[in-house]
Amino acid sequence: MKDHQTISGAVHHDRQHDSAIKHVTGRAEYTDDIAEPYGTLHAYLGVSTVAHANIKGIDLTAVRIAPGVVDVLTADDVPGVNDISPTGKHDEPVFPTEKVEFHGQPMFAVIAETRDAARRAAELAQVDYEVLPHALDPVQAQKAGYPMVTDPLKLERGDVEAGRKDAPHRIQAQMTVGGQDHMYLEGHIAFAIPGEDEDVTVHCSTQHPSEAQHMVAHVLGVANNAVTVNVRRMGGGFGGKESQMNLFCAVAAIAAKKHNRPVKIRPDRDQDMTATGKRHDFVIDYDVAFDDEGRIQAVEGGFAARCGYSSDLSGPVTDRALFHADNAYFYPNVLLKSRPMKTNTVSNTAFRGFGGPQGVVAAERMIEEIAYALGKDPLDVRKANFYGEEGRDLTPYHQKVEDNILDRLIGELEENAEYRKRREEIIAFNKESKIIKKGIALTPVKFGISFTATWYNQAGSLIHVYNDGSIHLNHGGTEMGQGLNTKVAQVVADAFQVDFERIKITKTTTEKVPNTSATAASSGSDLNGMAALDAAEQIIARLTKFAAEKYEVTEAEVEFLPNRVRVGGEVIPFDTLVKEAYMARVHLSAAGFYKTPEIHWDRAAGKGQPFFYYAYGASCSEVSVDTLTGEYRVERTDILHDVGRSLNPILDKGQVEGAFIQGMGWLTTEELWWDGEGRLRTHAPSTYKIPLASDRPRIFNTQLAEWSVNKKRTIKRSKAVGEPPFMLGISVFEALSMAVASTADYTVCPRLDAPATPERVLMAIETLKGQG
Amino acid sequence: MEHQHDIRFLLNGREHSVKDVKATTTLLDFLRLEQRLTGTKEGCAEGDCGACTVLVGRLHNSALRYEAVNACIRFLASLNGCHVVTVEHLSGPNGRLHPVQQAMVEYHGSQCGFCTPGFVMSLYALWMENPQPTEAQVETAVQGNLCRCTGYEPIVKAALAVNQYGTPANDYLTTERNSLTAKLKAIQPETRVVTGPEDDRAILPLDAADLADVLAENPKATIVAGSTDVGLWVTKFMKPISPVVFVAHLEELKAVELTDEALIIGAGVTYTESEDAIRDAFPHLGDYWDRIAGWQVRNMGTIGGNIANGSPIGDTPPVLISLGAEVTLQKKGGSRTLPLEDFFIDYGKQDREPGDFVASIRIPLRRDGQIDAAYKISKRRDEDISSVAAGVSVTVADGVITSARIAFGGMAATPKRAAGAEAALVGQPWGEAAFDAAAEAVKQDFTPLSDWRASAEYRALSASNLLRRFYLENEGGTAGAVRLAVA
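The listed protein sequences correspond, in order, to chains A and B. Counting from 0, one number per residue, gives the positions in the first sequence under numbering that gives the first Met the number 0. Counting from 0, one number per residue, gives the positions in the second sequence under numbering that gives the first Met the number 0.
Calculated directly from the structure, the hints in this document are not laboratory data. For each residue, glycine too, the CB sits at the ideal point set by N, CA and C. Heads up, some of the hints might be wrong.
Which residues of chain A face chain B? A few of them, derived with a C-beta cut under 7 Å, are [claimed, not checked]: (1) 183; (2) 537; (3) 539; (4) 627; (5) 632; (6) 635; (7) 657; (8) 668; (9) 680; (10) 686; (11) 695; (12) 758.
Input sequences plus hints: build the corresponding full structure.
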């Protein structure tokens, strides 16, 4: 009790990540760092070397006799159901039996005494393939008559035909938006330890321990209660560990039970990148009609996605692309359709924004198209189309936008970043500078918060107060670097009014909180913070009741002060009250629960209120482009982002900065490149280029909109922060586009696809030659 | 004399002698699997993410020097006589954080924490060498470290603040420098070191003469200097490379000599070791040198290795060829010298006979009227492999181009001169017309490939445009800046 006035780690204050010291000393334990029990075996995946084929036969003789090999697992070794599809579609086997459907698809797993032995042996299989034609992207797939992996979504409001008829301008165009590898620094890993009966415990790196648990039970053919999944922390997730761990957990668990030995599986980086899904690439057709002022009258959009060979999460991902195809703009008449195409590539999955960013990119591209067509500053076109009052507040999915703060947010950023002045200076600079051209763009983000699968919007927690006054905190969320555990512990510290250090943060485990949702959709602190608060309040209520009875005061006279409790006229240490409560046999443990109110969604009708609220943000970026080579650099970025009343401003700022850079990487240097055979050739950091420190904007100002308070009753009126700032990176893309457009005097909207690599930038400049 | 059969080194505070070290055992596997020093992480196993960064201290010209290296592609056997420092050794025995660690905590430089030990080690190396770096120097020091969470901003701020939390003078590696030096001196080999099983044999020759002997005895041996490429043959491709002859420790291959006519660089000199001499003699290579891989790789990789490897996309051959460099090959009983461009015969084929090793590179100094440039185009500015690399050296006398040497990487199966572009320039007056002609001619000089780094069209167009850039940035006109600013 160093300070009687305030507690350490209070909500709304900066607090370092709870593991910060362990991170910097190397003592933070990741799954691969857990001491291996004697007898641990290692698994490695053998994969397909063609993109599409019937499997006529697999000869594993050489694999089995290789040094150190103990066993080889195939589909025949799956005791339960050979399926790990996260949505129950049964379209994703652990190991295929008849067909391989992408280059690099896991076909079997080698179990050996060492990882090295397993890895070497995995190369030795002889597979007899009957090769079939393949389709790698949504356009090829559609031509080849491939099916969709899941039902498409249609969002419709108003009358697009009528809206178009009245509008003086119309632009129809297509844009390709590339995918993205998660490139979490810690790759996938699962470590299964067999127990008695049917039990197995799996330590792994996942955002969704409950799903890993259910999937392991499913493939083992046992009840969920036989399987325990533990996650202390991940070395990054970003959506890549929401469903993609299923395979690794399943293989490790099957092998562990079969051999009654611990089994660890850790693919190398190349296999991690080729065998697990990524952000969906999209081919987007847009058709936008608008008036002379740049006000949109009608939008029709087709969103075809490279989903890969199975559905995985492609249904909700492509849905979310449509949910965000309006970004911040009111479309009076709108028709949006998704086309989740099957392709012979790895099955794409969740990635920060979950399809939303692709929708937002399309919305921003339409704004740019309009601006170039009318010769306007794109910011004016943006402002002309923002959601507004009654009559201009309905989204394409018929939810009202009631918490719009973009006018203020954009206004402040525009002023702080001196957007107008700099844009004029840049236009003047471009007149003089022959080779180096500059561009600037200010783009907004509006992002809907809640899982669109309504039942996912629930969470649980478990809090114990021990009789020495120390507190054990557990909840269903997982820690992947975002500081969720820190924030939830702050909420609990605040509730009990005890120092942060009193709270022990523990690993996420399916043993303590069941049936959890993925830590995804930016929902981690919204859901788990509320669930933890519920548990804390239950214990506080019991302590209050006990104190009132014992000291013969009313419950209103019991007040939790920093590290102590006022009971009537007396102030006693928190520890003392806890000890007294224990002696009086008060229950000092509670399970908490929370479900998000108000939300509902009718997918068939395309109507409802899928989101509890919206988070907003905006960024302004300036770039320089070398028009001889297409090389560029980001000169300056200013960000103003809305996190409501922040639970922890410094952690939120870290999320905003990191998301911006990741979003910028997606739209600039991060390129996924498949060769004609369907092999992903950018499958490690040597070939797949995420941003470096030197790619940061030369001037980088990030601010939280400190005045913002969530209108909805979220945890301490904060807002979700994981995904929304990812889309702030779009300002870099549009600034590059402006620099390109300057070579044709801004009269033509450049045909620039994402990612805007130096090559795409140069080629867009070439295309403009002779125009404008 | 009986050979030494163990690898002797210091690991953090302890001396180790490990017998039967396989040539292909990496330092990272040794740390994580055998020593359970799990603070050092595997992120990519190819030297591109930096999660495995450790410090290696070695005696160089009798002084002890520490450098950040990638443990994932560093072979344990190459560490004979070295001091390995891992993240576990940074905080004091009382648990007190090291200044670098303290700064990273204070500035919120970690989120998921997996890349953090690697950043801590790179920043440790930077702080020891340069306790008050500029932002640009920080960025250069962490070129080889990827972070996917923070966007780097807090890490850079932490790096700039380290010195507030302590100075290198009080650091263990400074205060103990003398005793560590003595300990390392005591374990320097006196004979050849031969270790590992028959099929995974590591050989460390005692000196250059012994190297010639070893290669005469093992003409098919794999010569490994920095292991920044061969490391991947092992970690990525699981290729057998036995027997392996390690050469990075050979002082004779580490000479950097400046004569009146040339700069001569030993084949074992790393990019980092050659940096100052290169910058002084060839200022145009300064920024280019910083864009070769990341810092950890520059601390290990050698110019000799970059050449001997024969890759068409190595960064140094084009710029060395344009400067008229020659390579000296040595073997037992003799040596020969040839123009560097002649060393590259075809894809995967170099003019290197069994028993030959690359001994040194001779780069003629610049002459009056010589204008040089080095260009690298890559998807990402730093720590990337070039789509196109170019060295351009043009000599102008009395307004006339008297000689032109233009070499490209990434445009053909080998690093190659652009004969047509050179011909278009020589004899012409310095001016836009000559360079327009060269920019057109260079399109005929090459038939580049399309791959994941760049398309053939982009390679051809940007190669051509680089010659226009060369003209524009040397003509002193008023077109404004021609190249993006660096820092």
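### Task
Identify every previously stated hint that the structure contradicts and give their numbers, smallest first.
2, 3, 6
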